[in-house]
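Taking the hints as your guide, dock the two standalone chains into a single complex.
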Amino acid sequence: MLQYARVKSVGVQRQGQDRRVASGVLEDELYAMQCEIAVDWPTLTIESVQARMKRFTTQRCPRAEQVFERAEGWKIDGELDGRIKKELGRYGCRHMASLMIDCCRTIVRAELAREMRSAREADPGLDTKSFLESFFERYPGLRSYLLLQ
Amino acid sequence: MILDYQNNTYTTVEPLDQGLWRIFLRNEDNLFCVEIALDVKAPALDIRHASLTVKRDDLGLVPDLSSASEKMVGVRVGPGMTKIVRGLVGGPEGSDRVAELVLDAMEMLINAITVPELRKATDLAGVQVELPTEGPKIRLNHTVINEEMALKMAENPRLKDSCAAFRDL
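Chains A and B supply the protein sequences, listed in that same order.
Mapping of the first sequence onto this note's numbering: residues 23 to 171, in sequence order.
Mapping of the second sequence onto this note's numbering: residues 30 to 198, in sequence order.
So here's chain B without its partners, still in its complex pose (with noise of 0.2 Å):
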């Protein structure tokens, strides 16, 4: 069957020098297209520079984002930020919908910065991952954290009843 319709997010991380994060995220859709790319130093997580692009919107609704771009210099990526960029990007002068694809691309630098935590802990505590007998026949799955090592890890209040893995632990 022949697809109608497709939305594609592609969104990166890269290391620079001097503890600066570069995130870049590109969403597009049949109806729109847009770029953001973030600068995001740490320790303290906040922007440095930010831009963020509309390369396309059939439907001419989105506003120019310059201002909003330029008032993103200094906002966090930690607790509140959702709030503090809804207010800036989104609203009737701004655009809802980039202010969403922003803090996707925020949530990303943790994902990122999550990785070699998830893969020490592979590492340190990994064990053969037991799935049914029956299912596909090539697995992506060959070894998993293990459950000692997830209850010390649900022991970070983040992580704790947060999904499936940190649950009832």
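Okay, chain A solo, but in the shape it has when bound (with noise of 0.2 Å):
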């Protein structure tokens, strides 16, 4: 019999030319949460973080909700893992930081995914290595940060 299961979910929206809008959940056994972030594109800043609790242990997993927004101004870049999970992960919840790590890989992903769509689209032969090059040369902070391989 299953003891354990849990779901991550990330939906990426583009909210005009310039706000990047993730939604998160996580269920499991434990914890349900959900996050939202909003970021500036292109200048990858995070505009905007809404974590909420929804089911969970203790009487203070509660009090994580409020360390999240500490990300506010931050930039998505090569360091943001490490700093998600070593300043808010371990004040507010370890859970949380693995959902919002999820919401701004896929902020990312989807830009990529969207501009080489559109690049396909002129180009139906686009080489895809000459792509991605002329993407981290636009977004050189990405270049360390995106796990593409």
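Bear in mind the hints are in silico, worked out from the structure with no lab data behind them.
Beta carbons are placed, not taken as given, at the ideal position from N, Cα and C, and that holds for glycine.
A hint or two may mislead.
[Claimed, not checked] Under 8 Å between C-beta atoms, here's a sample of chain A residues computed to sit facing chain B:
(1) Gln25
(2) Val32
(3) Gly33
(4) Asp50
(5) Glu51
(6) Leu52
(7) Gln81
(8) Cys83
(9) Ala132
Structure below.
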């Protein structure tokens, strides 16, 4: 019989030219939580974070919600995952930190996919490696952030 | 508003016979899909079998991981696993993305083992949750672990100061 299951789901929306929004949910035997993040594009700055603990184990768990607002103003780059784990996960909730990492990464992967789709429409024979090189030239901070391989 | 991108991860942990646990993780987004299966044996929590199967890779960057799967046998779920897994599965010849998902899968075994302990703590020391009167119409908490039990749990060095629940106790 199954002892444990976790589902994490993140969706991304493009709200106008310069705003990307991710909404994530996490649910398992112990926890249910959700996280919404708005990011300014192309500055890659986290504008707003809304974390909500819905089901948890101790009375203190909801205190984690405010901790995640500390990320407002942070930039998405190669240091982000470590900062979320150390500065938010340890003081807030490591499960919410994991969900937030997924939200941020999915925003960037969504942008990459969106730009690649447009580029392929314009050039059906597009060389993927050249496209990726030009993407990282435009967003150098993402080269060490996106785990594409 | 219509979403234009989704990322979904589903992980299960199932006890099999004679102390063997099976962890299964599937991650899929618009660009990539992978399935990870690990058989882990208690009490040492060492991996007895691993399979890392890339189902779809639109960017075509992830190499064959069958050799990395074989090297995972013997790796233990516990301290030091991050460096070992990143070394075996990630790097220029492997996949950093899959390495992080393997670590995620391994961590879910720890969560699975913790569930009965937290259930016991809630049964023994459950207290009705005090939440603000304003908020959602239906709440998902009725009982949480009381402060006394949280204090006792925070004596475990692995938990102490690990999150808001076990900080400043």
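Open item on the list: Hint compliance check: list the failing hint numbers for this structure, sorted ascending.
Closed with: Every hint satisfied by this model.
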